[in-house]
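**Q** Below, each chain spelled out in residue letters.
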Amino acid sequence: MDRCRRRVRAGAQGRSGRALDPAGPLLSSAQAHVPPFSVPHGDTVAALTEDSCGSHPGRTVPALSSKRVVSVSLGSSKRDHAASVTLAGVEVLITRRGCDGDVEAAVAAIAELDGRVDAIGLGGLDLHLHIAGDDYVVADGQRLLRAARVTPVVDGSALKQTLEPMAVRHLAAHGPLPLRDLPVLMVSALDRYGMAVALEEAGCRVVYGDLMFTSGIPYPITSLAELQKIARRLAREMVRLPIRLLYPTGEAQERPPECAFPEEYARAALIAGDFHLIARHLPPRIDGKAVLTNTTTAADRADLAARGARWLFTTTPLLEGRSFGTNALEAALVAVLGRRPEELGPGDFQGVLGAMHYRPEVLDLQAQ
Amino acid sequence: MMPALEIEQTLNEFAEQFNARPELPHMTRGWDRTILIRPQDADWRRALRVQGGRMLVLAAGDTPTAAEIVLEGAAATLAAIFRGEVAPTEPYLDGSLVVRSTEADMMKLDIFTLMVWGE
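Chains A and B supply the protein sequences, listed in that same order.
Per the numbering used here, the first sequence starts with residue 108, numbered consecutively.
Per the numbering used here, the second sequence starts with residue 5, numbered consecutively.
Hints are computed from structural coordinates only; laboratory data are not their basis.
Where a beta carbon is used, it is the ideal one built from N, C-alpha and C, also for glycine.
Certain hints may be false.
Computed, partial: chain B to chain A, Cβ under 8 Å [what the hints assert, rightly or not]:
id : residue
1  : 26
2  : 30
3  : 90
4  : 91
Listed next, with one range per pair, are the computed distances between beta-carbon atoms [what the hints assert, rightly or not]:
id : chain 1 : residue 1 : chain 2 : residue 2 : range
5  : B       : 17        : A       : 246       : 28 to 34 Å
6  : B       : 10        : A       : 329       : 38 to 44 Å
7  : A       : 391       : B       : 9         : 42 to 48 Å
8  : A       : 223       : B       : 58        : 41 to 47 Å
9  : B       : 30        : A       : 365       : 20 to 26 Å
10 : B       : 78        : A       : 332       : 35 to 41 Å
11 : A       : 349       : B       : 44        : 20 to 26 Å
12 : B       : 17        : A       : 365       : 36 to 42 Å
13 : B       : 24        : A       : 223       : 53 to 59 Å
14 : A       : 365       : B       : 76        : 29 to 35 Å
15 : B       : 108       : A       : 332       : 25 to 31 Å
16 : B       : 65        : A       : 410       : 54 to 60 Å
17 : A       : 241       : B       : 46        : 37 to 43 Å
18 : A       : 366       : B       : 65        : 40 to 46 Å
Here are a few chain A residues that sit away from chain B, every Cβ distance over 10 Å (derived from the structure) [as the list claims (entries may be wrong)]:
id : residue
19 : 214
20 : 310
21 : 344
22 : 348
23 : 352
24 : 372
In isolation and in its complexed conformation, chain B is listed as follows (with noise of 0.2 Å):
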């Protein structure tokens, strides 16, 4: 089971890369959206969140229930979209990531993810 920790490291290496990308703070202009991230083998919960075009990984205790995102996922899968190694394309069409959000939002994190990582 992955805990908490590296996902923790995880998550505050993709913020730091996102944050480094000069496009998003103008693509996420009006978008501040908080993103929870659910492992459907862990017991642990961890949450992004996206405000004035900037985002930050909220503490442990700050994370909350319920967001305008939720991704689902086995830990693993969850982890590797966030370094990098998968895009969230993949997973989401075979059902390995579960998205709870509109398809707008969706589609915007797929994006946002992609400009990361992509290439």
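Looking at chain A on its own, in the form it has when it is part of the complex (with noise of 0.2 Å):
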């Protein structure tokens, strides 16, 4: 058996059988969520390519073998979750495991986890912050690399370079919104430079919210420009501090949203970035706007859908009715793929997307 069998789920149509046209103007709000490549247990997606797959002649792999990926969040452990996928004819069980913003009880976990599982996710922190070609570590992050001696641990940045900046500029291409000109707020860019600058090149008028919604400081940062010398002034200090000081975690995601900067919410027809930190200071309405972001839950999907907005657009794709963190993803593809992280470089990534058709989730929301 090839390695790497083309097989592509059936059309692009939603569960409701209507085809979502991508390349479409704006959408009717008739037509709900279309999943690029959600694929309920059992199913096939659309497979690797050899060369993605970097397989060598000769090369035989088992014709169904099982991967079990683990992502550790320092997220709320009421937000665990489990699905099964296949990709490149792989089964791959991933599993989510909130830590309760508890840093101990994570690098525990991924020490339990070391050696028996093919790949470990670090979920609520990032390894590194790549920001303009200048790279930050993240101690805290270091402390649960550290844990793994053996099994490949990834946080998903290398994935999210290629990935989110793909989103942005597949929804650039396609819709349902027009980019260019299209007012944003960005609440951290920080931690996802690629899509901040996807955003710009796209045409966007993006404010960067880092000071804001992780400091309460009241200054929007207005240019990439500005955001990449206050990005100098800042980075290599913070991000030595413990990560609860930077991103809430735990509990601190379960409270109900304490809003803040309502004006910049107001203004922006699009709200971009980590899930936690756009909700933790959502206004009670959003009506008509936009949400571009990943790792929301069908409750998070409701809540965006109570609070009038229209749009949710999610960088990664549904698993099992919710979408997973990068990390979580990118363990997965480190773990089907059989290299470690260090090895895979942005091309891979996109040889790997571009293989899978990736596009971002698109779902009306009020067309539930």
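Make the complex out of the two chains shown on their own, each in a separate frame, by following the hints.
**A** This is the structure:
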């Protein structure tokens, strides 16, 4: 059997059977969610090409082997979930394990899983921040990394650098919103610099909320150049601090929103970035707005819909009803590709995503 | 033991640099705070006041006994932080700088100090 088999799931049709034309103009509210490659258990998705798999002549792979990846997250354990997906003929069980903000518990979980799973994803923090060619090592992330000696550990940032710009470029090309001159609030950009660059390149008018939404400082950053200047002043020291000071972890993720800087939410037509940061300060009403994020649950989507949001774009696909963090998807790809994370570069992920015909999830929240 | 005059000069310079940064009046909008500098190895106390987006060094006789933010440590450590020789993060993490304030205020002061001296 070929290691990499191309089998495309029938059509681009939603669960209702109505096709969504990604190349069309604004979509009608009758059209609902179309998963680009959400895969119920047992189905096979568009597989990888030989090139992207890096397969070699004469090399054989078992017809079906299963992999297990676990995303260890600093987030709440109430959001734990599991899903099974088949990638390139390989069944991958993806499990999320939340540690409720407890870094020591996360270290222990990783040590326990080391050698027993095929890859580990880190959720809720990064190993590095990559900002305009500069690399900043996140201290708490490195502590978690050191807990595993055998199993590869990823934080999703390598995949994010490819996936998120691809998502933005797809939305720019295919809608449902025209991005040129669209006012955008990006709640934090330093942890997803690739998305920030892609939004700027798409012609969006972006306000970066890193200082506002992580530290309560009333200073909207209005250009990438300014973001880079501020990052150069702050990032090297900030990444040394405990993660709980920088990002909502554990119980902090479950608190009701404390609306902050409502004028920035009001100005924006698109709210982008990490969902926990978006949700933490969300105003009661965001009628007609779009949200670009990942890691949403059914409850998150229902909440956004209840607040009047129109569109939800998620950069990672829905699996078993939720979008897993990029770290979980990167871990799954590492497990399937069977290579160490340090051996993989943007080209590898581009190849994989291209072969999968990747596109972001587009959900009309008011059509549910 | 570091004399009070030396720390006063350091704080004056810090306040001057703070007030010269164009972003800081905006960043400190609505954040009026007194920062008390209390060395553990000297018998003097000094204070900074952020008010209306500007920083001033309080005269020795006007130093309060309490403040929203209190910084404690060796006088040399405190001076090094305000001279920009050491970022506040490191002494905070190793315990040689004690910050008595809310976490939110501590983070803001850290950021504002880095905006003065960072890079």
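**Q** State, for the Cβ atoms of residue 30 of chain B and residue 365 of chain A, whether the hinted interval 20 to 26 Å holds or is violated.
**A** Holds - the Cβ-Cβ distance for residue 30 of chain B and residue 365 of chain A, about 22 Å, lies within 20 to 26 Å.
**Q** Regarding the hint that residue 26 of chain B lies at the interface with chain A, is the smallest CB-CB distance below 8 Å?
**A** 11 Å, violated
**Q** Between residue 366 of chain A and residue 65 of chain B, does the beta-carbon spacing fit 40 to 46 Å?
**A** Holds, since residue 366 of chain A and residue 65 of chain B (Cβ atoms, about 43 Å apart) stay within the stated range.
**Q** With d taken as the least Cβ-Cβ distance between residue 344 of chain A and chain B, does d exceed 10 Å?
**A** 4 Å, violated
**Q** Quick check: does the Cβ-Cβ distance between residue 65 of chain B and residue 410 of chain A fall within 54 to 60 Å?
**A** 55 Å, holds
**Q** Assuming the hint says 37 to 43 Å, is it satisfied by the Cβ distance from residue 241 of chain A to residue 46 of chain B or not?
**A** Roughly 39 Å apart at Cβ, these two residues keep to the hinted range, so it holds.
**Q** Starting from the hint 20 to 26 Å, judge whether the C-beta atoms of residue 349 of chain A and residue 44 of chain B obey it.
**A** 24 Å, holds
**Q** Is it true that the C-beta distance of residue 365 of chain A to residue 76 of chain B lies inside 29 to 35 Å, as the hint says?
**A** About 30 Å separates the Cβ atoms of residue 365 of chain A and residue 76 of chain B, which means 29 to 35 Å holds.
**Q** A range of 38 to 44 Å was offered for this pair. Does it hold for the Cβ distance of residue 10 of chain B and residue 329 of chain A?
**A** Since the Cβ atoms of residue 10 of chain B and residue 329 of chain A sit about 40 Å apart, the hinted range of 38 to 44 Å holds.
**Q** Is it correct that the beta-carbon of residue 348 of chain A has no partner in chain B closer than or equal to 10 Å?
**A** 6 Å, violated
**Q** According to the definition I'm using, a residue is off the interface if its beta carbon is farther than 10 Å from all beta carbons of the partner; does residue 352 of chain A meet that for chain B?
**A** For residue 352 of chain A, whose nearest Cβ neighbour in chain B is about 6 Å away, the distance does not exceed 10 Å, so it is violated.
**Q** Taking the CB of residue 78 of chain B and the CB of residue 332 of chain A, does the distance hold inside 35 to 41 Å?
**A** At 39 Å between Cβs, range holds.
Checked against the numbered hints given earlier, the structure breaks hints 1, 3, 7, 8, 21, 22, 23 and satisfies all the rest.
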